[in-house]
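**Q** All chains should be built: construct the whole structure from the sequences, respecting the hints.
Quick note, the sequences are listed as chains S and Y, same order. First residue of the first sequence? That's 76 in my numbering, and the numbers climb one at a time after it. First residue of the second sequence? That's 283 in my numbering, and the numbers climb one at a time after it.
The hints are simulated quantities; they were obtained by calculation from the structure and are not laboratory data. Note that the coordinates shown come from a computational prediction; the quantities given were computed from them, not determined experimentally. Just so you know, even glycine gets a beta-carbon here, dropped at the ideal spot from N, CA and C. Where hints are given, some of them may not hold.
[What the hints assert, rightly or not] A few chain S residues that face chain Y, going by a derived Cβ cut-off under 10 angstroms, partial list only: (1) R112; (2) L159; (3) P181; (4) E285; (5) T320; (6) L327; (7) S330; (8) L334.
[Said to hold, decoys possible] Derived, one-sided and incomplete: chain Y residues facing chain S with beta-carbon distance under 10 angstroms: (9) R310; (10) E334; (11) L360; (12) F373; (13) W379; (14) F411; (15) W478; (16) R483; (17) L486; (18) N488; (19) S546; (20) L548; (21) I557.
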Amino acid sequence: MEMKRRSVLPGFGISLGITVTYLSLVVLLPLATVFTRTSTLGWAGFWSTVTAPRVLASYRLTFGASLGSALINAVFGLLVAWVLVRYRFPGRKVVDAMLDLPFALPTAVAGIALTTLYAPNGWLGSWLEPMGVKVDFTPLGIVVALTFIGLPFVVRTVQPVLQDLESEIEEAAASLGASRWQTFRRVLLPAIGPALLTGFALSFARAIGEYGSVVFISGNMPMRTEITPLLIMTKLEQFDYAGATAIATVMLLASFVLLLTINVLQSLSRRQTA
Amino acid sequence: MAGHIGMRSATASAERIRSTGEPAWVRRLLTGIALLFLALFLLMPLVLVFVEAFRKGVGVYFAAVTEPDALAAIKLTLIAAGIAVPLNVVFGVAAAWSIAKFEFVGKNVLTTLIDLPFAVSPVIAGMIFVLMFGAHGWFGPWLSDHDIKVIFAVPGIVLATVFVTFPFVARELIPLMQEQGTEEEEAAMVLGASGWQTFRRITLPNIKWGLLYGIILCNARAMGEFGAVSVVSGHIRGLTNTMPLHIEILYNEYSFTAAFAVASLLTMLAIVTLIAKSLVEWQAGRQQPISQTTPHLERKAA
Chain S
76 MEMKRRSVLP GFGISLGITV TYLSLVVLLP LATVFTRTST LGWAGFWSTV
126 TAPRVLASYR LTFGASLGSA LINAVFGLLV AWVLVRYRFP GRKVVDAMLD
176 LPFALPTAVA GIALTTLYAP NGWLGSWLEP MGVKVDFTPL GIVVALTFIG
226 LPFVVRTVQP VLQDLESEIE EAAASLGASR WQTFRRVLLP AIGPALLTGF
276 ALSFARAIGE YGSVVFISGN MPMRTEITPL LIMTKLEQFD YAGATAIATV
326 MLLASFVLLL TINVLQSLSR RQTA
Chain Y
283 MAGHIGMRSA TASAERIRST GEPAWVRRLL TGIALLFLAL FLLMPLVLVF
333 VEAFRKGVGV YFAAVTEPDA LAAIKLTLIA AGIAVPLNVV FGVAAAWSIA
383 KFEFVGKNVL TTLIDLPFAV SPVIAGMIFV LMFGAHGWFG PWLSDHDIKV
433 IFAVPGIVLA TVFVTFPFVA RELIPLMQEQ GTEEEEAAMV LGASGWQTFR
483 RITLPNIKWG LLYGIILCNA RAMGEFGAVS VVSGHIRGLT NTMPLHIEIL
533 YNEYSFTAAF AVASLLTMLA IVTLIAKSLV EWQAGRQQPI SQTTPHLERK
583 AA
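**A** Below, the structure written as structure tokens:
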């Protein structure tokens with residue numbers, strides 16, 4: 076079969092050739108520059124750059140806010156997926172279609188819209204500020220922006236799994252005397268667990284690299300509301316290329332670890348649904 | 283016929299839900315919370331863009347989107363997308379053809395590498411081109427000797443856009459073509475069709491909805507990219523500003539109405555993208571009984 080396939084269909088050489096050449100030129104070679112440029116710093120220089128107090132503060136903020144937003148998205152994403160799959164209400168199709176808005180809306184537009192919304196005189200800010208909740212120019216604002224950006228991930232990974240779930244197991248649990256909450260916790264949650272975790276990881280991975288939507292609402296104060304991608308940007312503007320690449324190396328390594336984790340999670344979740 | 287069966291199974295599952303479902307007040311409460319969350323995070327920003335854009339009237343709105351710098355930004359955005367999307371379509375089809383229709387060593391590694399640009403922060407995506415083509419980059423001295431500008435010029439913007447939109451089409455097509463297998467193409471070849479005829483008459487009609495879907499997503503990202511383009515652009519008004527960068531400048535100059543006016547154009551593009559996507563999914567679902575929309579959504583998410 077395999078031999079036959081290789082002999083009958085044409086274009087293997089040229090299509091693979093185009094793929095590998097283009098991939099190397101556009102992605103691999105440019106990415107390699109990060110590692111070659113970092114190596115010019117030397118180990119000591121690299122280490123002191125990536126562990127400077129301002130850089131450490133930016134990691135804490137970036138990873139902390141990303142974790143917070145991914146958690147919010149895990150909870151509300153699961154809820155939204157549940158409501159969309161299980162319940163019928165007017166406008167459900169429109170809501171479903173609108174969910175991908177954060178993928179389609181440019182991040183800069185999301186950034187200025189959210190900032191205006193939460194500004195002291197904004198629709199939500201004028202209402203929250205008297206209650207003592209300040210969102211713009213605080214870490215909370217960063218969490219809000221990252222929540223917007225990562226919103227579709229959990230919904231879109233959990234939704235198909237929830238849809239394909241056989242209702243027999245729920246009926247079995249119910250007929251064996253389990254309450255609805257017990258059924259959810261013991262039967263449904265384990266079944267959608269891998270998908271939920273995948274969505275959470277995707278949302279988190281997207282959040283740590285995010286730039287456009289955050290820079291408007293964060294206020295960009297060093298040590299306080301400066302995310303790591305912004306710090307890279309600042310170093311580039313000061314022509315500190317070695318410093319920028321050193322921090323980028325740390326970010327890239329974190330992203331690659333996450334990418335691997337997500338791949339493992341996805342194959343796990345596929346095996347469970349299969 | 284298919285619609286009839288679909289309807290019947292929908293009622294059956296609705297009945298089953300009732301037997302194991304939640305009480306009405308729980309259903310209403312959960313739906314209410316979910317909709318409130320989405321209204322706060324999705325609907326309000328969307329509505330706000332248009333309200334702010336038209337705050338000072340239609341005249342100011344049209345003045346803001348037709349002034350020379352805005353028009354130059356629109357033009358540059360169209361150029362960047364106009365180059366990046368076709369390039370990534372050709373690549374995406376080639377990659378999907380080789381990966382889905384043939385067996386070879388290192389296929390999984392190649393598939394993972396194609397996803398790489400999604401895992402890279404936009405700022406880093408822009409940075410790598412500065413490292414390559416900037417004044418102190420690998421090719422910097424050679425480029426300045428030959429008087430070619432890449433960084434802080436249009437070629438850099440195009441390169442950064444190509445990078446960030448790189449995986450979209452390939453990612454849509456690979457799972458789709460893998461699912462479709464090779465039997466139809468093999469039959470065509472055995473019956474004497476040429477390779478090109480086989481591709482055009484068999485493969486292309488089979489993948490057209492997935493391809494269209496990939497192009498729509500690729501285009502939306504190409505026109506909206508901010509971080510990567512921001513690094514390589516140099517923000518030269520009227521020359522190297524794309525629409526998102528123009529919005530940033532206007533906003534930072536406190537020209538909020540103008541910023542939101544330009545932003546409303548990109549928001550309309552986003553809405554059109556969502557509508558087109560829904561239509562494509564609906565069409566694809568109608569033509570292929572096996573649900574292909576689910577893996578799409580799941581894959582696109584990364």
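**Q** Does each hint hold? Answer for all of them.
**A** How the hints compare with the structure:
1. R112: This interface hint holds because 6 angstroms falls under the 10 angstroms limit.
2. L159: 8 angstroms, holds
3. P181: 3 angstroms, holds
4. E285: OK, holds: E285 of chain S within 10 angstroms of chain Y, min 8 angstroms.
5. T320: 7 angstroms, holds
6. L327: 6 angstroms, holds
7. S330: Constraint on S330 of chain S satisfied, holds at 4 angstroms.
8. L334: 4 angstroms, holds
9. R310: 9 angstroms, holds
10. E334: Holds: closest Cβ of chain S sits about 6 angstroms from E334 of chain Y, inside 10 angstroms.
11. L360: 14 angstroms, violated
12. F373: It holds, given that the least Cβ distance between F373 of chain Y and chain S is near 5 angstroms, below 10 angstroms.
13. W379: Because about 4 angstroms separates W379 of chain Y from the closest Cβ in chain S, which is inside the 10 angstroms limit, the hint holds.
14. F411: 6 angstroms, holds
15. W478: 9 angstroms, holds
16. R483: This hint is violated: R483 of chain Y lies away from chain S, its Cβ roughly 14 angstroms from the closest one there, beyond 10 angstroms.
17. L486: It is violated, given that the least Cβ distance between L486 of chain Y and chain S is near 13 angstroms, above 10 angstroms.
18. N488: 14 angstroms, violated
19. S546: 9 angstroms, holds
20. L548: 5 angstroms, holds
21. I557: 7 angstroms, holds
Checked against the numbered hints above, the structure violates hints 11, 16, 17 and 18; every other hint is satisfied.
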